[in-house]
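A.B. asks: Residues per chain are reported as follows:
There are 2 protein chains.
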Amino acid sequence: MSKYDAPLTDIRFVLYDVLDVETIYATLPGGENAPREIIDAVLDEAAKFTGQVLAPLNKSGDQEGCHWDNTVVTTPKGFKQAYAQWVEGGWPGINLPEQYGGQHLPESIGGAVKEMIESANLAWGTYTLLSHGAAAALIHHGEEWQREVFLKPITHGNWTGTMCLTEPHCGTDLGLLKTKAEAQADGSYSISGTKIFITAGEHDLADNIIHLVLARLPDAPAGTKGISLFIVPKFKVDQSGKVGERNAATCGSIEHKMGIKGSATCVMNFDGAQGWLIGPLNKGLNCMFTMMNAARVGVGVQGLGLIERAYQNSLAYARDRLQMRSLSGPKRPDKPADPIIVHPDIRRMLLKQKAFAEAGRALVYDAYIQVELADRSTDPATQKHAEELLSFLTPIVKALMTEMAIECTIDAQQIFGGHGYIQEWGMEQFVRDARITTIYEGTTQIQALDLLGRKIMALQGVGFRHFLDEVGTFCKAQAGNAIVAEFVGPLAKAAQEWAALTQEIAASAVKNPEEIGAAAVDYLYYSGYITLAYYWARIVVAAQNSKHGDDFKQAKLHTARFYYARILPRTLSHVAMIRAGSASLMDIPEEQFSVA
Amino acid sequence: MSKYDAPLTDIRFVLYDVLDVETIYATLPGGENAPREIIDAVLDEAAKFTGQVLAPLNKSGDQEGCHWDNTVVTTPKGFKQAYAQWVEGGWPGINLPEQYGGQHLPESIGGAVKEMIESANLAWGTYTLLSHGAAAALIHHGEEWQREVFLKPITHGNWTGTMCLTEPHCGTDLGLLKTKAEAQADGSYSISGTKIFITAGEHDLADNIIHLVLARLPDAPAGTKGISLFIVPKFKVDQSGKVGERNAATCGSIEHKMGIKGSATCVMNFDGAQGWLIGPLNKGLNCMFTMMNAARVGVGVQGLGLIERAYQNSLAYARDRLQMRSLSGPKRPDKPADPIIVHPDIRRMLLKQKAFAEAGRALVYDAYIQVELADRSTDPATQKHAEELLSFLTPIVKALMTEMAIECTIDAQQIFGGHGYIQEWGMEQFVRDARITTIYEGTTQIQALDLLGRKIMALQGVGFRHFLDEVGTFCKAQAGNAIVAEFVGPLAKAAQEWAALTQEIAASAVKNPEEIGAAAVDYLYYSGYITLAYYWARIVVAAQNSKHGDDFKQAKLHTARFYYARILPRTLSHVAMIRAGSASLMDIPEEQFSVA
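Protein chains in written order, with the UniProt record's numbering: chain A, 1 to 596; chain B, 1 to 596.
In short, the hints are calculated from the structure, not lab data.
Hints may be right or wrong, so weigh each one.
The list treats identical chains as interchangeable, and a pair is accepted whether it falls inside one copy or across any two copies.
Taking lysine-lysine and the DSSO-like style, the derived pairs with C-alpha atoms no more than 30 Å apart in a straight line are [as the list claims (entries may be wrong)]:
| # | residue 1 | residue 2 |
| --- | --- | --- |
| 1 | Lys77 | Lys59 |
| 2 | Lys553 | Lys3 |
| 3 | Lys180 | Lys331 |
| 4 | Lys242 | Lys152 |
| 5 | Lys476 | Lys331 |
| 6 | Lys547 | Lys3 |
| 7 | Lys48 | Lys77 |
| 8 | Lys180 | Lys335 |
| 9 | Lys331 | Lys511 |
| 10 | Lys225 | Lys331 |
| 11 | Lys335 | Lys511 |
| 12 | Lys178 | Lys335 |
| 13 | Lys283 | Lys331 |
| 14 | Lys283 | Lys178 |
| 15 | Lys225 | Lys335 |
Use the sequences and the hints to build the structure in full.
C.D. replies: Written out as structure tokens, the structure reads:
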């Protein structure tokens with residue numbers, strides 16, 4: 001069975017040394033709730049819970065899957081007990097406001113806990129994932145009674161949340177959605193329609209499930225401007241908080257999927273279900289989008305979690321498995337063969353995972369810092385800056401970390417050779433689980449259009465400029481630091497090229513809007529690789545200034561060198577592909593895709 | 001359910017127009033067996049069999065899997081009947097010598113049939129895969145009685161074959177193998193040991209199973225120089241061909257795998273089983289290697305087959321699925337949204353699959369032509385040239401086509417969005433099935449070392465020079481051809497760079513043998529992309545000279561342009577990574593891969 005030990009040393013290094021969260025927390029109201037002793041204790045407890053409770057259920061959950069019987073969904077053995085322990089430990093409210101029963105710890109601490117959950121048991125984690133989104137919607141858009149009634153039990157964890165967007169004929173294109181909402185005399189709405197791919201739409205872990213449902217009033221404008229958001233509980237809840245009878249919101253079936261089999265992916269039927277409007281009428285998409293950044297960063301964390309676990313296991317195997325001799329002569333003459341970690345390409349695959357896990361951790365936690373600054377800072381300028389930077393970083397976090405999770409879990413599996421293909425060893429599950437992460441919460445294609453089309457073009461790249469400024473400031477500050485000089489030069493050059501290339505694309509897009517779509521995915525990868533190069537340079541500096549030993553510092557230095565030598569050059573191809581422009585994709589007429 | 005229609009137009013185009021097989025067949029003994037009417041009839045029948053019989057069993061076979069009970073393996077419903085039809089149609093002997101009951105059609109025809117099988121049902125295809133290897137071993141190394149006794153029923157198909165190499169502690173490193181062979185008074189050997197990952201090691205499709213087993217005599221030299229090859233039938237067979245009692249060669253269990261679940265992957269226990277030596281004592285690995293090129297090309301065909309089927313299905317979906325409007329304005333204003341094929345990145349993912357399927361087909365069939373020239377040509381110079389070229393092309397065919405199969409099946413799945421992750425649609429199975437192809441028959445890492453370490457360095461790149469000569473001759477011949485000028489220039493430049501880069505690596509490897517291992521995988525991809533660029537240029541010329549219509553010719557031209565603009569630039573990154581050298585992988589001490 002595959003192992004998992006929370007990488008607490010590196011998690012703490014990223015929080016304290018790379019990102020200096022203590023200084024940031026001190027500026028936030030409630031920052032006094034998070035001194036280092038508390039953070040350390042939370043991380044230790046999370047490591048125990050995820051390692052001892054969740055990780056052992058990962059494979060059995062995959063093999064058993066969820067079961068559906070006449071609208072009732074049963075989760076795999078042990079999931080319910082683990083969830084009860086999760087509630088018992090007070091985890092559901094870790095980042096939620098104290099007035100509703102939460103601990104209001106900073107989002108970046110929640111992000112670190114989340115990383116451990118995703119490493120230990122991604123499928124189980126999906127039951128907690130959307131509660132966060134539902135809570136955010138309630139906090140930002142709910143009326144006071146709605147917060148009182150719905151947010152407290154979600155914070156406590158005996159209720160969970162969902163997001164109900166997708167319908168059979170529309171996933172990405174929500175303007176097409178058909179679910180109806182009709183106003184009722186009591187101020188509620190009657191919701192009718194079918195939603196698909198609803199994660200945790202039905203399960204046996206909690207007493208009630210709060211669906212946030214996008215629907216359309218009969219007289220609403222067409223397209224995305226006529227969509228409203230509704231709270232639709234599994235069991236009806238009135239404005240006083242009294243829980244009533246079963247609502248007409250039922251699970252019609254669950255999907256049989258490639259992976260995350262322990263997660264119930266539901267078809268949800270709303271047959272005149274009672275719902276409550278949340279936020280302004282016809283502004284449902286806006287309300288949903290406020291949950292989107294955090295939810296997308298959350299999927300990026302899933303990618304990070306999978307890379308970390310894949311790395312731990314493939315590293316252990318590479319040290320253990322004896323096969324062939326090193327090309328430069330036997331390294332363990334006492335054994336019948338050398339451990340495969342002596343072979344250069346095994347090292348390449350290991351270092352790739354290590355490089356993406358460690359810089360990815362810095363990127364992802366930094367994004368969570370922007371979430372908390374945007375949410376909690378009392379300084380409007382800081383808040384605005386964080387919002388803009390977050391909106392730029394989000395598609396990179398989401399798409400890059402998930403695409404790299406696919407690549408890295410495949411590499412980890414490859415290191416196991418034939419054993420990697422066998423279920424028993426657990427490596428193939430990581431690939432299957434990883435595969436969903438580039439699809440849900442907006443595909444990589446959607447993230448790429450969000451980055452280039454919206455964040456760069458439509459919003460004039462304000463978040464991008466913040467990031468470039470940050471990189472520029474870092475490079476200047478490190479100008480005299482010999483330890484990082486080998487990275488600062490290439491990083492500054494890459495940032496310069498990045499800015500110029502962005503201008504170039506913008507200019508060509510003015511003439512032809514297809515250039516955006518033609519460049520977007522390559523531009524996202526390109527941007528992502530430079531982004532992580534920045535974090536690698538920061539990691540080297542932070543390690544140098546930390547109290548860690550020489551081995552730790554050297555390991556960071558070597559991994560950064562690997563990244564700059566073996567990963568950053570991927571940008572060369574992406575630049576060429578971006579410059580190839582839209583003609584190479586659009587000139588071929590549709591009928592010529594198949595000529596018999 | 002996913003569809004499959006054999007791409008007969010393109011298969012014929014590659015055979016007749018791109019590779020001009022008719023001219024080649026005419027030079028071979030028995031070439032008169034394969035006039036165009038026969039080839040066309042064989043291809044038509046194969047299209048029917050694979051489309052109507054095998055394809056419908058693909059998903060059910062995956063869902064049902066194989067079952068093991070007390071050494072007996074039951075294949076999924078319908079597999080046995082399909083195999084009976086396969087035998088009935090005379091397919092097992094399609095390429096085997098007439099004197100043993102075969103039709104002795106050229107290998108490239110067999111390759112085209114094989115492509116259709118792999119597209120239709122890869123798991124089912126594995127039961128036929130290793131018979132070919134066993135037959136090749138018997139033809140090249142068997143004594144006359146062995147050919148008489150074993151080859152005839154294999155040719156007929158009522159017996160199948162296996163290759164038993166891997167043991168629990170050794171896959172790649174066969175020098176470590178422990179299975180014992182002890183000489184018996186009757187001239188047979190007693191074989192004892194355990195083999196794992198034996199494809200089709202036990203099943204219910206055929207009357208007997210002929211295992212080719214690597215084992216070691218008690219007094220044999222250590223390592224790979226002490227390995228011999230033995231024929232070990234499931235039911236004992238004496239030298240007269242009489243089938244006797246059950247041999248002590250039994251299936252201890254089958255593996256539960258990520259994919260190819262309809263294929264029985266067996267643990268085989270040999271407990272003093274009766275075996276017959278084939279080939280010289282202690283030369284077992286050599287005998288095995290004669291099967292290796294064809295078997296590895298065969299796995300490359302699996303990659304091709306998966307890409308083709310993934311393409312057909314994702315193209316159909318992209319034409320059908322309505323979602324969002326084109327960035328340059330609505331293309332189907334009559335519909336609620338445009339079909340997603342209007343979006344540039346959907347086209348990028350489709351064109352990638354199309355480009356790898358169509359040039360991959362030319363590469364793979366060309367490799368089979370080298371197999372048949374090496375095997376059948378009466379001209380020793382032609383034979384030698386083909387052998388050398390094949391030995392160079394084999395690792396490229398095997399590794400590139402399978403790695404691209406993973407990439408392309410993932411892209412095809414991505415085009416389906418959330419539906420791609422659901423088993424019902426069939427796309428996720430292709431990814432899971434594809435995943436084995438970069439592992440078995442030598443991982444991508446092993447193929448890369450074979451290419452750079454063995455074919456380029458140890459054998460002084462003789463096959464590589466043949467290939468470069470061919471590319472050079474092509475470029476010169478097409479110098480005045482305007483239609484292909486846009487490709488010939490970049491191709492000639494790439495070939496030049498390839499030769500120089502190879503020299504560069506060779507020079508650095510003289511100083512440090514680790515450079516080979518550090519460069520190998522990037523070098524393989526690099527070489528593969530240029531190789532396919534050559535076939536794309538040939539395809540454009542062949543289309544131009546063919547009797548196909550303008551749409552066909554234009555489609556080839558556009559796809560070639562896509563390939564040169566969007567795939568060939570991948571070489572840029574690989575060059576930079578190769579030049580990064582071994583230091584970026586080897587400098588980090590083993591203990592620094594994890595520092596707590």
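A.B. asks: For which of the previously enumerated hints does the structure constitute a violation, in increasing order of number?
C.D. replies: 5
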